[in-house]
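Based on the hints, put chain R in the right spot on chain V.
Protein chains: 2
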Amino acid sequence: MKEAILRLLKESRTEYLSGEEICRTLDVSRTAVWKHIQSLRESGYEIEARPRAGYTLTGVPDRLYPGEILDGLSTRFLGREIYYCDSVSTTNDLAKELARKGAGEGSMVVAEEQTGGKGRLGRKWYAPKYKGIWFTLILRPPVTPTEANQVTMMAAIAIATAIKRETGVWAGIKWPNDLLVGGKKVCGILTELSAEIERINYMVVGIGINVNQDEKDLPEELRKSATSLKVESGGSISRVRLIQASLTEFERWYGIWLEQGFDPVLARWKEMSVSLNCPVHINTPTKSWDGWAEDVDKDGALLLRLPGGELQRLISGEVSLRLS
Amino acid sequence: MKEAILRLLKESRTEYLSGEEICRTLDVSRTAVWKHIQSLRESGYEIEARPRAGYTLTGVPDRLYPGEILDGLSTRFLGREIYYCDSVSTTNDLAKELARKGAGEGSMVVAEEQTGGKGRLGRKWYAPKYKGIWFTLILRPPVTPTEANQVTMMAAIAIATAIKRETGVWAGIKWPNDLLVGGKKVCGILTELSAEIERINYMVVGIGINVNQDEKDLPEELRKSATSLKVESGGSISRVRLIQASLTEFERWYGIWLEQGFDPVLARWKEMSVSLNCPVHINTPTKSWDGWAEDVDKDGALLLRLPGGELQRLISGEVSLRLS
Numbered sequence: 011m012k013e014a015i016l017r018l019l020k021e022s023r024t025e026y027l028s029g030e031e032i033c034r035t036l037d038v039s040r041t042a043v044w045k046h047i048q049s050l051r052e053s054g055y056e057i058e059a060r061p062r063a064g065y066t067l068t069g070v071p072d073r074l075y076p077g078e079i080l081d082g083l084s085t086r087f088l089g090r091e092i093y094y095c096d097s098v099s100t101t102n103d104l105a106k107e108l109a110r111k112g113a114g115e116g117s118m119v120v121a122e123e124q125t126g127g128k129g130r131l132g133r134k135w136y137a138p139k140y141k142g143i144w145f146t147l148i149l150r151p152p153v154t155p156t157e158a159n160q161v162t163m164m165a166a167i168a169i170a171t172a173i174k175r176e177t178g179v180w181a182g183i184k185w186p187n188d189l190l191v192g193g194k195k196v197c198g199i200l201t202e203l204s205a206e207i208e209r210i211n212y213m214v215v216g217i218g219i220n221v222n223q224d225e226k227d228l229p230e231e232l233r234k235s236a237t238s239l240k241v242e243s244g245g246s247i248s249r250v251r252l253i254q255a256s257l258t259e260f261e262r263w264y265g266i267w268l269e270q271g272f273d274p275v276l277a278r279w280k281e282m283s284v285s286l287n288c289p290v291h292i293n294t295p296t297k298s299w300d301g302w303a304e305d306v307d308k309d310g311a312l313l314l315r316l317p318g319g320e321l322q323r324l325i326s327g328e329v330s331l332r333l334s
Numbered sequence: 011m012k013e014a015i016l017r018l019l020k021e022s023r024t025e026y027l028s029g030e031e032i033c034r035t036l037d038v039s040r041t042a043v044w045k046h047i048q049s050l051r052e053s054g055y056e057i058e059a060r061p062r063a064g065y066t067l068t069g070v071p072d073r074l075y076p077g078e079i080l081d082g083l084s085t086r087f088l089g090r091e092i093y094y095c096d097s098v099s100t101t102n103d104l105a106k107e108l109a110r111k112g113a114g115e116g117s118m119v120v121a122e123e124q125t126g127g128k129g130r131l132g133r134k135w136y137a138p139k140y141k142g143i144w145f146t147l148i149l150r151p152p153v154t155p156t157e158a159n160q161v162t163m164m165a166a167i168a169i170a171t172a173i174k175r176e177t178g179v180w181a182g183i184k185w186p187n188d189l190l191v192g193g194k195k196v197c198g199i200l201t202e203l204s205a206e207i208e209r210i211n212y213m214v215v216g217i218g219i220n221v222n223q224d225e226k227d228l229p230e231e232l233r234k235s236a237t238s239l240k241v242e243s244g245g246s247i248s249r250v251r252l253i254q255a256s257l258t259e260f261e262r263w264y265g266i267w268l269e270q271g272f273d274p275v276l277a278r279w280k281e282m283s284v285s286l287n288c289p290v291h292i293n294t295p296t297k298s299w300d301g302w303a304e305d306v307d308k309d310g311a312l313l314l315r316l317p318g319g320e321l322q323r324l325i326s327g328e329v330s331l332r333l334s
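First to last, the sequence lines map onto chains V and R.
With my numbering, letter number 174 in the first sequence gets 184, and the count goes up by one each step, no holes.
With my numbering, letter number 102 in the second sequence gets 112, and the count goes up by one each step, no holes.
Pulled out of the complex, with its shape left as it was, chain V reads as follows (with noise of 0.2 Å):
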C-alpha cells in the first residue's frame, strides 16, 4: 500500500494530489493514508501536505530501496527480486544463504553498508555507507564450475558500460576484474559459487562499485590506489539509476554469454582491458613475475610473456601496470 502511494505520488509529478482522491483510488482509509504518508517520510521521502490541496512529492531519498531500483527498470529476470538492506556484513553471504534456501535467479542483495566487507583472496574491502554501490546477484547459470570465471569476467565488461553510460567516465578493466579509473581501482567483483564437479548449484556475483565518496572520505592509504566515481566525473551520481544501468547492462551481456558463449565476451573483454599488451608485476601468493601481459586465453587465465621469452600461465594473482 505504502508502494502504491509512493507512485501515485509520483505519477501526480509537480501536481498536488488529494488524500481523498487516494482514498478513491486504492480503496482505504483517510488514517491508512496518513499514516503510509508518515511512513514514506520516516523512510526519506520528503511529502509536502497543503490543506485543501494535498500531497505533493518534494524529494526523493538517497537509498537504494528496491522500490526505487524497480521503477524504471528494464530488467526481463535480473533484480526483479531484490533484498535490502540498511546494513550487513556482506551482501554475498547473505546472498548465499538466500541461495541455499532456494532464492530464484537473478535475486539481488543490496545493501547500503557493508561492515564486513572483503574483496578477492579475503581482503578488506571498505564500503561505507550511502557512498558506493554494494549489491551481489544470484545466478544458476548450466554449466561447470570451471566456466564460473567468464560469467566474472562478463560481469566487468557490463558493470565497466554501465559506468561509461551513466557518468561518462570510461573505466578500463584490470586482470581477472578490477575496474580502473586512472589507474585506481573504482570498481571490484568477488564472485563466490556452489558446484558440484559437473555443474554449478548457484553463484554469486557481489560487486562494489566506489560512486559519491569525496576524496577525503577514502581512508588516507587507499587515496593512491582507489577512486569513485564522483572523483573522477566532478559531480554526484544518482547510484539508483547506476544500478539500474548496470542490471540492464548485466542481463544483456548474460544472455550473449548463454546463447554466444564465450567468444564475444572474451572479445569485448580484451577490448576493455587495460592489463594486455602492457609490462605487468604480478604477486601471487607463493612466487612473483615480471613479464609481457600478452594474452588471456579461453579460461580466463593470463598469458604472461617472460624476459627470458617463456610462457606463463596464471590462474590468480595481483597485477601492477609497470609504467615504464
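No lab work stands behind these hints: they were computed from the structure.
Don't take each hint at face value.
Identical chains blur together in the list; that is why a pair holds if it fits in one copy or across any two.
To be verified - List time: in silico BS3-like cross-link candidates among lysine-lysine, alpha-carbon distance up to 27 Å:
| id | residue 1 | residue 2 |
| --- | --- | --- |
| 1 | Lys-128 | Lys-111 |
| 2 | Lys-308 | Lys-297 |
| 3 | Lys-234 | Lys-45 |
| 4 | Lys-20 | Lys-226 |
| 5 | Lys-297 | Lys-20 |
| 6 | Lys-111 | Lys-240 |
| 7 | Lys-280 | Lys-12 |
| 8 | Lys-20 | Lys-134 |
| 9 | Lys-45 | Lys-226 |
| 10 | Lys-308 | Lys-111 |
| 11 | Lys-45 | Lys-297 |
| 12 | Lys-280 | Lys-139 |
| 13 | Lys-174 | Lys-195 |
| 14 | Lys-194 | Lys-280 |
| 15 | Lys-240 | Lys-226 |
| 16 | Lys-234 | Lys-139 |
| 17 | Lys-194 | Lys-45 |
As the structure is a prediction and not an experimental result, all values here were calculated from the model.
For chain R alone, kept in the frame of chain V given last:
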C-alpha cells in the same frame, strides 16, 4: 567417561574387569560405572556382568560410532573429528553446514542411513540403514575450483585401494568417478565445493559404498547395475575396518597430490580405470556419443575418439561400457 570405560573393557579383552578396578582407574563411583555400562548396552555393546568377577565385553555392535572408527585409526588429520548420525538427509548437506561454520580440514560426517541420498547431477542414491558406508570428508585444499576434480579422481583411487585391501575385491574406476565390480556399481563419489574463482573455501567429498547388502536388499531396478561388496566377496565386511582403511588411503593419496601434484594421481587413475581404451557410449543432458575412450587429460576430461576420427573432449557425462 563412557568411552574410557569401553576402552578399559576392550583392553582387558576376555578377562573380567572388576567394577572396583574401573572405579579406581577412572576415579568414579560405582553408581556412575553402572550407569555408563547400561548406556553402552543401550548403544548395542554386549557386556556380561558376573558377580564377584566383574564385567567383560562379549560383543561390539555393527555401528559406525566415532569411538569405533577412532579405535586403531592411523591417520594424522583425516577423520579425527567425526560427526555421527543415525539417520540424516545427506551427509554432504550436513558437512556443508559444518564447513560453513568452520569445521576444520579432515572433519568427517558419517551416517548409518541417508534418507535423501543423492548421486551426481541430482540423481537419487539408495542408502539403507546399517548396510553401507555413507560418509563425507571436509577438505580445504589450497587450489582453484578448476582443480577440484583432481581430488575426486584421487578419492576414487583411495577408496578402490581400501576396498581391495579390506575385502580382496578389485573395483575398477569408471569415468569420472564410479567404482565398478563386474560392471556393476559398488561406490559413488559426489564432490561439492564452495569457492571463489581463485580459491576453494571448502570442498566436501561424499562417498557411498554398498557394503553388506544382500542381493535381495538391492532395489529390483538396480540389481542389473549395482552390487555390494558382500555379494561380490561372499561374506560380511566390517564397515568400521573398511572406513578406517578408506581414511588411511585417502590421507595418503591426498598427501601425494598436495606434494607432487596431479601427475602421479592421474597415472594411477588410468591404471585402475575400466573405461579407457574401450568402446563407450556417453550420455550428456543434451547429446549422446559413441566412440573410443582414448584418454583422460590433465583436467580429468575424457577424450573420446569419434567414428569419424575427430577427438571430442567431455567434461561431464554418463558412460556406458559397450561390450562389443
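For each hint, the structure was consulted:
Taking CA atoms no more than 27 Å apart as the test, Lys-128 paired with Lys-111 passes in both settings, with 23 Å inside one copy and 18 Å between copies. Taking the shortest Cα distances, Lys-308 and Lys-297 sit within 27 Å of each other both inside one copy (24 Å) and across copies (23 Å). In this homomeric assembly, Lys-234 and Lys-45 never come within 27 Å of each other (Cα to Cα): the closest approach is 48 Å inside a single copy and 69 Å across copies. Taking identical chains as interchangeable, the C-alpha atoms of Lys-20 and Lys-226 are never at most 27 Å apart, the minima being 35 Å within one chain and 70 Å between chains.
Taking the closest pair of Cα atoms, Lys-297 and Lys-20 never come within 27 Å of each other, the shortest separation being 57 Å inside a single copy and 52 Å across copies. When the C-alpha separation of Lys-111 and Lys-240 is checked against a cutoff of 27 Å, the pair qualifies neither within a copy, at 37 Å, nor between copies, at 39 Å. Taking the shortest Cα distances, Lys-280 and Lys-12 never come within 27 Å of each other, neither inside one copy (46 Å) nor across copies (65 Å). In the homo-oligomer, the alpha carbons of Lys-20 and Lys-134 never lie at most 27 Å apart, since the shortest distance is 39 Å inside one protomer and 52 Å across protomers.
Taking the shortest alpha-carbon separations for Lys-45 and Lys-226, neither the intra-copy value of 39 Å nor the inter-copy value of 69 Å comes in at or below 27 Å. Proximity of Lys-308 and Lys-111 under a CA criterion of 27 Å is satisfied in neither setting, with 33 Å inside one chain copy and 35 Å between copies. Proximity of Lys-45 and Lys-297 under a CA criterion of 27 Å is satisfied in neither setting, with 62 Å inside one chain copy and 59 Å between copies. Proximity of Lys-280 to Lys-139 under the C-alpha cut-off of 27 Å is found in neither arrangement, the shortest distances being 33 Å within a copy and 55 Å between copies.
Taking the shortest alpha-carbon separations for Lys-174 and Lys-195, only the intra-copy value of 15 Å comes in at or below 27 Å, while the best inter-copy value is 56 Å. Taking the closest pair of Cα atoms, Lys-194 and Lys-280 come within 27 Å of each other only inside a single copy of the chain (19 Å); across copies the shortest separation is 49 Å, beyond that limit. For a Cα distance limit of 27 Å, the shortest separation of Lys-240 from Lys-226 inside one copy, 12 Å, qualifies, whereas the shortest one across copies, 72 Å, does not. Within a single copy, Lys-234 and Lys-139 get their C-alpha atoms as close as 21 Å, which meets the 27 Å cut-off; across copies the closest is 62 Å, which misses it.
In the homo-oligomer, the alpha carbons of Lys-194 and Lys-45 never lie at most 27 Å apart, since the shortest distance is 47 Å inside one protomer and 69 Å across protomers.
Going down the numbered hints, you'll see the structure goes against 3, 4, 5, 6, 7, 8, 9, 10, 11, 12, 17, while the others check out.
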